[in-house]
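Number of protein chains: 2
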Amino acid sequence: MINFELTREYIENLRELIEVNDETAIKLLLEELHPADIAEVYEELDLDEAKVLYFLLDDDTAADVLTELEEDDRRRFLTSLPSEVIAKRFIDRMDTDDAADILGELDVAKQQEVLSHLDDISNAGDIADLLSYDEDTAGGMMAKELIKVKENWSVPTCLRSMRKQAEEVDEVYYVYVVNADGVLVGTLSLKRMLLSPIDTQIKNILNDDIISVRVDAASEEVANIMDKYGLVALPVIDGVGRLVGRITIDDVVDVMREEAEKDYQMASGITEDVEISDTVWIHTRARIPWLLIGMLGGIIGSRLVGGFVGLLQQHPELAFFMPLIGAMGGNVGIQSSAIIVQSLASGSLGIDTNWTKLLKELTIALLNASVLSSIIFGYNYFIGAELALTGTVAAAMFSVVVFASLFGTFIPLFLSKIKIDPAVATGPFVTTLNDIIGMFIYLMFGTLFYNLFV
Amino acid sequence: MINFELTREYIENLRELIEVNDETAIKLLLEELHPADIAEVYEELDLDEAKVLYFLLDDDTAADVLTELEEDDRRRFLTSLPSEVIAKRFIDRMDTDDAADILGELDVAKQQEVLSHLDDISNAGDIADLLSYDEDTAGGMMAKELIKVKENWSVPTCLRSMRKQAEEVDEVYYVYVVNADGVLVGTLSLKRMLLSPIDTQIKNILNDDIISVRVDAASEEVANIMDKYGLVALPVIDGVGRLVGRITIDDVVDVMREEAEKDYQMASGITEDVEISDTVWIHTRARIPWLLIGMLGGIIGSRLVGGFVGLLQQHPELAFFMPLIGAMGGNVGIQSSAIIVQSLASGSLGIDTNWTKLLKELTIALLNASVLSSIIFGYNYFIGAELALTGTVAAAMFSVVVFASLFGTFIPLFLSKIKIDPAVATGPFVTTLNDIIGMFIYLMFGTLFYNLFV
Chain E
189 MINFELTREY IENLRELIEV NDETAIKLLL EELHPADIAE VYEELDLDEA
239 KVLYFLLDDD TAADVLTELE EDDRRRFLTS LPSEVIAKRF IDRMDTDDAA
289 DILGELDVAK QQEVLSHLDD ISNAGDIADL LSYDEDTAGG MMAKELIKVK
339 ENWSVPTCLR SMRKQAEEVD EVYYVYVVNA DGVLVGTLSL KRMLLSPIDT
389 QIKNILNDDI ISVRVDAASE EVANIMDKYG LVALPVIDGV GRLVGRITID
439 DVVDVMREEA EKDYQMASGI TEDVEISDTV WIHTRARIPW LLIGMLGGII
489 GSRLVGGFVG LLQQHPELAF FMPLIGAMGG NVGIQSSAII VQSLASGSLG
539 IDTNWTKLLK ELTIALLNAS VLSSIIFGYN YFIGAELALT GTVAAAMFSV
589 VVFASLFGTF IPLFLSKIKI DPAVATGPFV TTLNDIIGMF IYLMFGTLFY
639 NLFV
Chain P
189 MINFELTREY IENLRELIEV NDETAIKLLL EELHPADIAE VYEELDLDEA
239 KVLYFLLDDD TAADVLTELE EDDRRRFLTS LPSEVIAKRF IDRMDTDDAA
289 DILGELDVAK QQEVLSHLDD ISNAGDIADL LSYDEDTAGG MMAKELIKVK
339 ENWSVPTCLR SMRKQAEEVD EVYYVYVVNA DGVLVGTLSL KRMLLSPIDT
389 QIKNILNDDI ISVRVDAASE EVANIMDKYG LVALPVIDGV GRLVGRITID
439 DVVDVMREEA EKDYQMASGI TEDVEISDTV WIHTRARIPW LLIGMLGGII
489 GSRLVGGFVG LLQQHPELAF FMPLIGAMGG NVGIQSSAII VQSLASGSLG
539 IDTNWTKLLK ELTIALLNAS VLSSIIFGYN YFIGAELALT GTVAAAMFSV
589 VVFASLFGTF IPLFLSKIKI DPAVATGPFV TTLNDIIGMF IYLMFGTLFY
639 NLFV
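Chains E and P are the protein sequences, given in the same order. Read in order, the letters of the first sequence correspond to residues 189 to 642 in our numbering. Read in order, the letters of the second sequence correspond to residues 189 to 642 in our numbering.
It should be emphasised that the hints constitute simulated quantities derived from the structure, not laboratory data. Check before you lean on any hint, since a few could be wrong.
Identical copies carry no separate label here, and so any pair may be met within one copy or between two of them.
[Unchecked claim] Capping the alpha-carbon separation at 30 angstroms, the derived lysine-lysine pairs in DSBU-like fashion look like this:
no., residue 1, residue 2
1, LYS215, LYS391
2, LYS391, LYS450
3, LYS239, LYS276
4, LYS416, LYS545
5, LYS545, LYS605
6, LYS276, LYS450
7, LYS450, LYS545
8, LYS215, LYS338
9, LYS607, LYS239
10, LYS607, LYS450
11, LYS545, LYS336
12, LYS215, LYS607
13, LYS605, LYS548
14, LYS450, LYS548
15, LYS336, LYS215
Isolated chain E (complex conformation) (with noise of 0.2 angstroms):
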């Protein structure tokens, strides 16, 4: 059994043995691994290194690994090698999902290059078709290896072909059942298969309650399909119902992963799929644009800030609830989106108009706003502040409290509207905006009130 974990020393002791070249040792080492495990040590290494072991390992286990690698490691990795070499050794021996999504990492005249020196045609024709479906789409994501039978083939014939059809697929989950056109009818479970008489027709035991996407619908879409309806493996047609390929839970999770991450990046102001591991460059690139953007509000919030510096001088004590006030309105803000944004990523909106989350989101804020104001209220009330301060601080808390859920609520809902995602509303960007916006209230609330009191 495998259970591996990776330790500095394991790593210390493989660099020893690469430089000493002791390829025995070194196969032994990494023997019991799996590939995923081979992957996770290979990123420990550098180019040099990692290419001593590449051609220790067998062909299979060599493209299974690269199929493991991180995306620049692996373009890194492929880049130093020639077209022939990529060909044979590895995208041969792929499924051709995985193949296309490698060979899509690289530039068109390699791809190209790559694929001329593919042995079996057809095998290179099914990637090439694969390569030219959006990554974002069910076409990206699925594989041409499936098992299909004919509707009007009997359990017999069925078998045989199946036999021949499961060398070239890894994971079988079910056989699809095709009509003469071509045209996903339905599928044949193997637990059905297992337990029917060896005499039945597949047209008498297909199952034609049969989920499908179109090859052009959204990865995301895939995704809450198949975790929607628990399926393991979804197939996939094209325009006029023929069955063109099988997208399975592996590729699903991962687009799972990814949309999540990307997600709470978004959330946390970083604009590139960061992995900790990446240089200090890749960081500084992925997190100064949001820093920025928030540079820029905070400049134009100190010239908003600036207009009342007349009421800031007569009552400084007004900056003592600057932060707080800024803060709120950056919180509800968030906490409003990150709900909203989560539903349109789960496709769990359910059938409220956007009216209607509107209205429930503003009985939601009226009742935090009461809250929240009546505390801070009851605070400055009770260490004995102004009233004018009182006042001001306790009504711009409500008023920004109410603002920020609403606008909150409304961004990502208009976003998602016009196409973009609606993720970024929980970035920098609506915070700082609510900071600003929630500052004008503040300050206006604090002419209004030391006008009246004072």
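Given chain E, put chain P in place with the hints provided.
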């Protein structure tokens, strides 16, 4: 083929049919739907309407729909039914893992009552077993349904046994091989079975490179293993290696989605797992705790800023940049935390020590801090601000960015070490703390620079 989209018209139509009690029309309307779709329909109905519908479904569909419902809706529904109905109509028809999950939502007395009404004692025993595990462990996720064969069987014996066992198991995926003591020794893939001659011995075709988890492994670990190794089913073993259950990918997809959603909600300051369809009351309850913490932070901040009232009175222009400094501290801190939190969640932290990570973060922080403070210095210089103000803002910007980066990196690492979910570090708590400390740094620099230059 089913491709159902829930519309308001559909629900209104259904409600009218329920009101006039037109059973035939209702059945017709629901007939084509997948249980997951029926569950969506249910969630738009009130309890009485839902009950009418429920008893029109055939028993297997009713059980499937129950599994698909949101936890709150399901509990409300089950609480209104007698234990015998729950046992015979629902629990008896479910897989053991779903049965245990659903029973686990009821109180212990009701659990016992329902179990006592089950006809199949061994099924009841399996469910009781599963109920004893923590729901966030492998034991709490696994099902008892699986296909296992003994290593000393021949293929024909195996096939006979498998046919019988397959009747109880929804998706087969793998056939597990155990020795005489019940210890897991390998798997038999269905594909391999399809391709092997009928007279093969099991021990000669089993695959002994098998990945398993112990029954007490955390659900996050289970998800990471299945994702990393691309598994659709994972066997669960007890302390001495005996096969006790099996976890399938669909359960793991739920865990992953929940985990990702939880981190995202935590980062957004939401304390409960809320759906957009939840009541106003639940939404308010989920949001207000963090807002109160933010408010407490803001109040502490107001006292801190209050300590500098003399400075602010003389130099109200210092207030102009308070929102900027506060926002930057918050933004930078969240970015740093998010990267650590995500690496911890996906198990991709690598083998660097915490010191190496902090050092790297320091480099990134110094880079970002230099860029940002140069820009704000340039801006203030360009608009002709006082030298003291220009210096204060630039120096504070630099310090706050560096401090918030290190703080944002350190806190989640520390929380993870003391076994607290590090995702809280990206929530309003750390943001608020960064805000206050940022304000303090800023006003201290203000005091220093105005004493130096004015």
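How the hints compare with the structure:
{"no.": "1", "hint": "LYS215 - LYS391", "result": "between (51 angstroms within a copy, 26 angstroms between copies)"}
{"no.": "2", "hint": "LYS391 - LYS450", "result": "neither (44 angstroms within a copy, 45 angstroms between copies)"}
{"no.": "3", "hint": "LYS239 - LYS276", "result": "within (16 angstroms within a copy, 61 angstroms between copies)"}
{"no.": "4", "hint": "LYS416 - LYS545", "result": "within (23 angstroms within a copy, 39 angstroms between copies)"}
{"no.": "5", "hint": "LYS545 - LYS605", "result": "within (15 angstroms within a copy, 40 angstroms between copies)"}
{"no.": "6", "hint": "LYS276 - LYS450", "result": "neither (35 angstroms within a copy, 44 angstroms between copies)"}
{"no.": "7", "hint": "LYS450 - LYS545", "result": "both (25 angstroms within a copy, 22 angstroms between copies)"}
{"no.": "8", "hint": "LYS215 - LYS338", "result": "neither (46 angstroms within a copy, 32 angstroms between copies)"}
{"no.": "9", "hint": "LYS607 - LYS239", "result": "neither (43 angstroms within a copy, 39 angstroms between copies)"}
{"no.": "10", "hint": "LYS607 - LYS450", "result": "both (16 angstroms within a copy, 25 angstroms between copies)"}
{"no.": "11", "hint": "LYS545 - LYS336", "result": "neither (46 angstroms within a copy, 51 angstroms between copies)"}
{"no.": "12", "hint": "LYS215 - LYS607", "result": "neither (51 angstroms within a copy, 38 angstroms between copies)"}
{"no.": "13", "hint": "LYS605 - LYS548", "result": "within (20 angstroms within a copy, 40 angstroms between copies)"}
{"no.": "14", "hint": "LYS450 - LYS548", "result": "both (28 angstroms within a copy, 22 angstroms between copies)"}
{"no.": "15", "hint": "LYS336 - LYS215", "result": "neither (39 angstroms within a copy, 33 angstroms between copies)"}
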